[in-house]
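Q: Take a look at the letters that make up each chain.
2 protein chains.
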Amino acid sequence: MELDHDQQVKQAVQSLTDRLENGQDDEFMTEFTALHDFEKGQVYAGFAENIREVAWRVMDDETLATVFDNLEIDPDEIVDLLQEMPPQKGANILMEMFADNEADLFQAMPSRLVATYLALMPNEEAQEIHSLIKYEEQTAGSLMATEYLAVQAGAKVKDVLAQVKKQAEEAESIIYVYVVDGQNRLVGIVSLRDLLTHPDEMTIESITNTRVISVKAGDDQKDVAQVVADYNFFSIPVTNDGQHLLGIITVDDIVDVIDEEAVEEYSGLAAVDVSDPDDSPWQSVLKRLPWLLALLVLGLVSTALVVAFEPTIRQAPILAAFIPLIAGTAGNAGTQSLALAVRRFGNGSDRSVGQALVAELIAAVTLAVIAGLLLAGIVYFWQGSRGLAVAVGLALAASILVASLLAHIVPAVLEKMKVDPAVVNGPLVQTVCDWLAILIYFAIAAGMLDGFVGK
Amino acid sequence: MELDHDQQVKQAVQSLTDRLENGQDDEFMTEFTALHDFEKGQVYAGFAENIREVAWRVMDDETLATVFDNLEIDPDEIVDLLQEMPPQKGANILMEMFADNEADLFQAMPSRLVATYLALMPNEEAQEIHSLIKYEEQTAGSLMATEYLAVQAGAKVKDVLAQVKKQAEEAESIIYVYVVDGQNRLVGIVSLRDLLTHPDEMTIESITNTRVISVKAGDDQKDVAQVVADYNFFSIPVTNDGQHLLGIITVDDIVDVIDEEAVEEYSGLAAVDVSDPDDSPWQSVLKRLPWLLALLVLGLVSTALVVAFEPTIRQAPILAAFIPLIAGTAGNAGTQSLALAVRRFGNGSDRSVGQALVAELIAAVTLAVIAGLLLAGIVYFWQGSRGLAVAVGLALAASILVASLLAHIVPAVLEKMKVDPAVVNGPLVQTVCDWLAILIYFAIAAGMLDGFVGK
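Which chain is which? The protein sequence lines are A and B, in order.
Take the first sequence: its letter number 215 is residue 215 in my numbering, and every next letter is one higher.
Take the second sequence: its letter number 25 is residue 1025 in my numbering, and every next letter is one higher.
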């Protein structure tokens, strides 16, 4: 299905290019307008530069704003496309765009360019941009659109419906109408469904839902996504601390947030940014190399530890054989524990950090004891040495316990420090688990050496 | 914010429990109805069993259907709640529920119970259930609701608007109206926005968008989610191969799909199911233990390999020190490669499998050469042995190359076999990378032993 769609976009690019090359500007516009909004962005980005030079001259500002609202490429690249046009044209397009997308572009621009475009806009537009770009990334404020419909309590159904019709073209979507008091404080929500199914002369009080679920502009986007996902909302209002309505966040932006957060967590666990798996081999190398080399250098600590215990290995070379097993199993236990903790602390949990730690401790001890007993049993039957079996089993159990707790505590501490636990690097935790496991293993083995050397 | 909300739900449970215990049934209903739909589910599940025994008797079927539509617990547990009522009441609630949720519950029931409920429903309802539960899990068909509004081409704006108003109560959401021909084949879409902003007497032809994006009932839910996310749709129509309209999928279900798929990929990479991080310690142990023990047993292969090379280690004990480093780095390279490949093949890529493999080969060779040279350099300056440096560097490079390619090929093969690459277990791939790395390492080291033993 995806492939078909790419094919369709390519065909549209070709056909529209032909139109412009043959001077059929009107046919070009008719065909272009018939595209879905998302496709308009894809097709425009697919044009050759010399075709775009003609295309933006043929299109009106509103159509171009739709194009720029739907370009799913890096903001930097969108800004480049914008700069293919004269500054005033660019400013017009920015003003026609949805406020959240416009603010994103301003945030991607060098300050020189920000100044250029703002100088070409009316003062009130510049004010609005200013009020939007002040929100930190990954907060509700940075996601919010200012195109929504707010009415005063006391309005009649028919008047609100008339306003809905008038604003339907501009707003991202009118599914809810927001009811505010004289100070623009959010007091309730009316659904379009209720507007349509109630008498024209009724005042909206009786169909206003005053149990409004809203978010604050500074709230983390992850928490906002959770609320929207739980409640199955199409959009959610954003207020400041004084309950003044600032904007709305629509579910399509929430879909992007959920995807972005998931990619972030997955990238952390894999020690590589997976947000664009269609990178060129060189881009792919650049993303993988830093962590791979950093982990390699950190891994040398494990080597140095084993070197330090060389006398022990000389006495019992069999010990060397269990190094990868014990380090690897500690790493596996640490990875499991890390993944659970990142999900727990990152996505909101009913438990306190203390409760979670006690639960993890119980689980880790249980896992450690079972795995340690299993390995000790296997080693006893395989190598016939009770001393070796006890040393190896004990080392494994201790390693699993330490690795699990470490991998649990790191994300908990980050969350307390208001850092997203998703940044924790899985293989880095594994590497530290390796160090600890090797230390624990040789400390135990060296201490018990008399129990199995020469047996 | 999340905590506040949990607090609110607890308060509502308490207050509503008090109402019922004091016999204030009317006040109970008023308070309960004022809750958001999502909260109705949470609150009902929060009641003690003896309170639910009274609550379902006080509530009408429609309210209970909303409760059951919004229970965000395991389908098994929802079925248990349903069985607290007499079969006929249960059947009534099922019929009032949205078709997709109803079908999910039927799929979770033992066949005895399916027969009980179906026997209490009119034949046509039973037919509809039958037609819905035939779709495989994780397909568009399994997600789709059958509550949508379809009109024939040629209808007038005012007539369609009248139908919208009439059906607004039943349908999940009316944002689009679907236009079908005489054989119920989907021919276009009209947005509610356009209905509201065009004259009553106009026929809908002129505002019908005939470039419909739809999905097939058998399409993978991941692909459906991708389309909805790309196009920013609120819902998407589902058809069969003959373009007959079967149902719609709304964006709130897509939000759940994206979350579910992300959890699946993350769980695979961590070798533990992270879908419910608030498990009790025992549940947590049960989820972690199988993979931890399986990986432990498989890790014994690494131990056996090292044991087999014991004569080599006896000659050069320093070799043991590099085992965790080489195995660990191969594992890290494999994890990075696996994560990229799972995202690439799982989420649709523009590249063919062959192109992707060539790209991975170029990247892997580059990474292998750089990491190998770095390690060889470090070992040369640290240990002063050119032979050891060459052996260790070469072994690392070969291990990285093999691990990267293996971790890339496994998900590619799964995708070709129509198995979701997300099932690949990260630590399992790491364990296999360990085996290969140890084999490669000792094969190279044993072959070059004369170059560094005794130096």
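Possibly wrong hints are sitting among the right ones.
[As the list claims (entries may be wrong)] Listed next, the stretches of chain A that the computed footprint assigns to chain B, with coverage defined by at least 3 CB atoms under 8 Å from CB atoms of chain B:
1) 255–263
2) 272–281
3) 306–312
4) 408–420
[Said to hold, decoys possible] Selected chain B positions facing chain A (Cβ under 8 Å, derived; list incomplete):
5) Leu1149
6) Ala1270
7) Phe1322
No wet-lab data here; the hints were simulated from the structure.
Glycine included, each C-beta is placed from N, C-alpha and C at the ideal position.
Q: If a hint holds in the structure, say so; if it does not, say that too.
A: The hints, checked one at a time:
As drawn, the region 255–263 of chain A meets chain B at 6 residues by the rule of a beta-carbon pair under 8 Å; at three or more, the given contact holds. Requiring three or more residues with a Cβ within less than 8 Å of a Cβ of chain B, the coverage given for the region 272–281 of chain A holds, as 6 such residues are present. Proximity of the region 306–312 of chain A to chain B, defined as three or more residues with a beta carbon under 8 Å from a beta carbon of that chain, is established by the 3 residues found. Using a Cβ-Cβ cut-off of 8 Å, 0 residues of the region 408–420 of chain A lie near chain B, which falls short of the minimum of three, so the contact claim is violated.
Restraint check, leucine 1149 of chain B versus chain A: the minimum CB separation of about 12 Å is more than 8 Å; hint violated. With a least beta-carbon distance of about 3 Å to chain A, the hint placing alanine 1270 of chain B at the interface is held under the 8 Å criterion. Given hint, phenylalanine 1322 of chain B at the interface with chain A, holds; its Cβ is 6 Å from that chain's nearest Cβ, closer than 8 Å.
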